[in-house]
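Same order as they appear, the protein sequences are chains C and D. Position 196 of the first sequence, counted from 1, bears residue number 196 in the working numbering, the numbering being contiguous throughout. Position 319 of the second sequence, counted from 1, bears residue number 319 in the working numbering, the numbering being contiguous throughout.
Treat the hints as calculated values from the structure; they're not laboratory data.
Intra- or inter-copy, both count: the list cannot distinguish identical chains.
Listed next, the in silico BS3-like pairs over lysine-lysine satisfying Cα-Cα at most 27 Å (straight line):
#1 K46 with K140
#2 K46 with K212
#3 K46 with K115
#4 K124 with K143
#5 K195 with K16
There are 2 protein chains.
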Amino acid sequence: MKAEIISTGTELLLGKTLNTSVFYLTGQLSGMGIEVLFHTTVGDNKDRFLGVLRQALDRSGLIFLTGGLGPTADDLTKEITSFVLDLNMNFNQQSMDSIQRFFFTKHELPPGSEKQAFFPEGSKILPNDFGTAPGAMIQKDGKYCVFLPGPPAEMKPMFDHYVLPEILKITKDHARMHVRILKVFGLGESELERKLPDLMKQSSPFLTLIDKHTYMDLRISVRDRDETAALTALGQTEKVIRQRLGNHIFGIDEETHSQVVGGLLRQEKLTLATAESCSGGLLGGRITAEAGSSDYYLGGIVSYANSAKEGMLGVKTGSLMTFGAVSEEVAKEMADGARKVLSADLGLSITGIAGPGGGTEDKPVGLVYLALADAHGVRAERKLFSGNRESIRNMVVETALHMLRLYLLDRQ
Amino acid sequence: MKAEIISTGTELLLGKTLNTSVFYLTGQLSGMGIEVLFHTTVGDNKDRFLGVLRQALDRSGLIFLTGGLGPTADDLTKEITSFVLDLNMNFNQQSMDSIQRFFFTKHELPPGSEKQAFFPEGSKILPNDFGTAPGAMIQKDGKYCVFLPGPPAEMKPMFDHYVLPEILKITKDHARMHVRILKVFGLGESELERKLPDLMKQSSPFLTLIDKHTYMDLRISVRDRDETAALTALGQTEKVIRQRLGNHIFGIDEETHSQVVGGLLRQEKLTLATAESCSGGLLGGRITAEAGSSDYYLGGIVSYANSAKEGMLGVKTGSLMTFGAVSEEVAKEMADGARKVLSADLGLSITGIAGPGGGTEDKPVGLVYLALADAHGVRAERKLFSGNRESIRNMVVETALHMLRLYLLDRQ
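Pulled out of the complex, with its shape left as it was, chain C reads as follows (with noise of 0.2 Å):
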C-alpha cells in the first residue's frame, strides 16, 4: 500500500517548527510495511492545500494529513477535503461534548470551537486525548485520508491508539516489511558498495545504506507475508554480510556503540578508567550515557592542560618535552596513567588535535592518537581525520570505543 503525508501550517514554512511528526509517522508506517512516497508540507492556503490533496488523491491510497484541525478560519483541511471528496460536513454532538469537557475549567468556550466538531460525512471520528481538536479518518473510492492534529504531542498518541489498530486492519491482507539494520564502523558508503556490490543490486532483501556520520546503518529489508520465510531471508543475507564485514559491524537494529561496548566489558568483569585531552570528556559522556555503565566504567580524567597530564596521570616531562601532547609515547601514559590512577583493568585514552587552529606541517588538525592499556602493556593508534571540530570530536569517540570492542573481542 503506497501512502503520502501532508503537512498544513504556515509555522512549518516559516522556519519556527522542526517538522518532528512527519518523521514519527513515516517511521510507524514504514515499519507497518507501508511504503510512504512522498511528504509535502503546505501552508494555510486555500488554493494551494487543494492542488496538493488533488494530487495526492491521484497518486496515493492512504493519506495522512497533519495539521487544521484547530477553530481558526485559518484551519481548513477538513473543509477542503470534503470539498475535493464531494462531501457533506456534518456535526457530531459527542465531540462537542469532549471539546466541552475540555475546557470544563473555563467559564466560555474559545470563538470556532464548533467548527472542530464537524466532519466528512462517514467519517470515523478519532478521539484527541490530549487536546481539543478530534481527528478523523475517512474512506472513499478505495482511497483513505486521515486526518490528524499538528502538534506531536497530540498527534503520536493519537495515530498509536486510534489510527494504528485501524490500519492494521486496512493491511491485514498485504505483505508486512520486515528490516534488520547492521550498523557498521570504519566503511564509508562507497567501501560498503564495493564489498557487497551483488548485495545491493538485489531486490529482496533490499539494501539501504543510511550515513549517521560516525558510522553507517546497512539496513536489510524484506517484504513477505510469511513472517517465517521473511525472517529466514534476513537471517541469510546478515549471515553474508557479517563474512564480509566482520568485526566492521559493531551492532544491530537501535543498539549503540557504547552500549555494545558495555555490554563485552560486563561479561568480561572488566573496569574501566578513561584519559581525555581533546574530546574534553566525550568519551566519558559517551560510556555513561548507557544505565548502569557505573557497573564497569570507574571514571576518567578530562587532562586538556599540560600540567594536568602530568600531575594528575603521571605523563613524564620529558615525553611531553620530546614528542609533544599529541604523540604515541603520551598517549600511551595518559592510558597507563587513567588505569593506575584509578585502579581499574583497562585504561584508554585520546589526545589530538581537534583544530581549528594548533595545527602544524608535522602534527596537522585532524592528528589523533589513542591507547589503550591493561595490566600487560598498552597499544596505541594513529589517525587523521577530517572535517571540523564538532566532527573530528565525535570521530575520535567512536574509534576509541571500536578499538576497545575490538580488544574485548579478541579476549573472547
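Take the given structure of chain C and dock chain D to it, following the hints.
Frame of chain C; chain D shown alone:
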C-alpha cells in the same frame, strides 16, 4: 520571490532521518524575506523525482534541492535536473582536484568520485568545505536551482558561505527580514508568554518562541527595506525584553552557553576545573566544544565510582557514608577537590541521579546537586529535573553553565 525545497533521499521516507536541513533552510530563507511555499520529500526514484522537479519549476522561481549529490548510482539530482532543463553535464577539473585533496590520505579514490565533479553546463559551483560532494547553483529562463548536499553538517556551511551571498544579490531590491535571537535559560514557553504578553501580540517586531529542549530561542524579526529602521526597532524590542528577563538571557543569535561562559572566564582571567558524576564528562565535553578553551579550562575528573570521588577529588569517606554520593556536602567537596587538584581558580561539580534506576523516595531520579568553588568558599544548588536519562543529563550540564555564568557576571 517564491521558493520551494525538494529533499531527496529514501532514508527520509523510511523515517530513519529527521529532516533538519529543510527546517534550517526554511528559517534562513524566511528570515531573508523569501516566501517558501512548499517542501517536498521524494525518494531516490527517477520518475517520481522528475515529476516533483517539473512541478516545482512550474510554480516557483527558486528551487533548493538537498541530497542526491553523492558518488553512487542512486544519486541523481544533478543528472535529472540537467535532463529537465535540457543542459549538458560538464566535467569540472577544479572540483575533481578538491575531491582528490579530501582523500589525500588514501591510496585511491572511492569509485564514482568523478561523478561528483560533473555539473549541468553554466553551473556556479559551490565548494564543500566539509565533505566531497560540491554543490551548484544554476539559472535558466529566470528560474534558479540550488543543489546542496544532504548531510546538515555539509549543507549548512555551504549555504551560509556560498549560497546566501548569491541569494542576497538576487533579492537585493526586496524588503529584507532582520532577525535577532535571544537565548533564554530557565524560563519555559508559558512563563515567557506571561512575561511578554504585549510583545507576543504585536505584529512588528514579531516574536516567536522556539523550544530548544534545554533553553528557549526568542526570535525577534522585522521586515523592512530600510535597514537602519529595522535595526532600531530590533534594538528597542531587545532592550524591553532584557529589562524583563534579565540574566535569563545568556546569549544572542548563534552564541552558545559554553561560548559565553568561556568568554567571561577569559575576560576575568580565571581558570576552571570540573568534577562530574552523573554527567560523566558531558560538561567537560561542552566546555571544550569551543576552540581555544584551553585558555581557561584546565581539565576535569569524571568521578563515576565513589572510589574515584575519594581517591581523585579527596571527597571524605564520612561525607559519602553520612550524606550519600548525591548530596550537597559531596557536591561541595567535589568542586573544591577539582579546584585544588588541578590548581584552578574555580571548581564546578555535578552529582546526581540520571536514572532510570537508582532513585529512592528521598532521592528520586532527577535529583542533582551542583557546586561552584573558588578560593573563598563553595556554594551549592539542589535541582530536581524531570525527563529521561538523556534529558536530565543535558539539563544538568546547561544548569552548571548557567550557575557559572551568573557567578562570573556577579564579579563584573
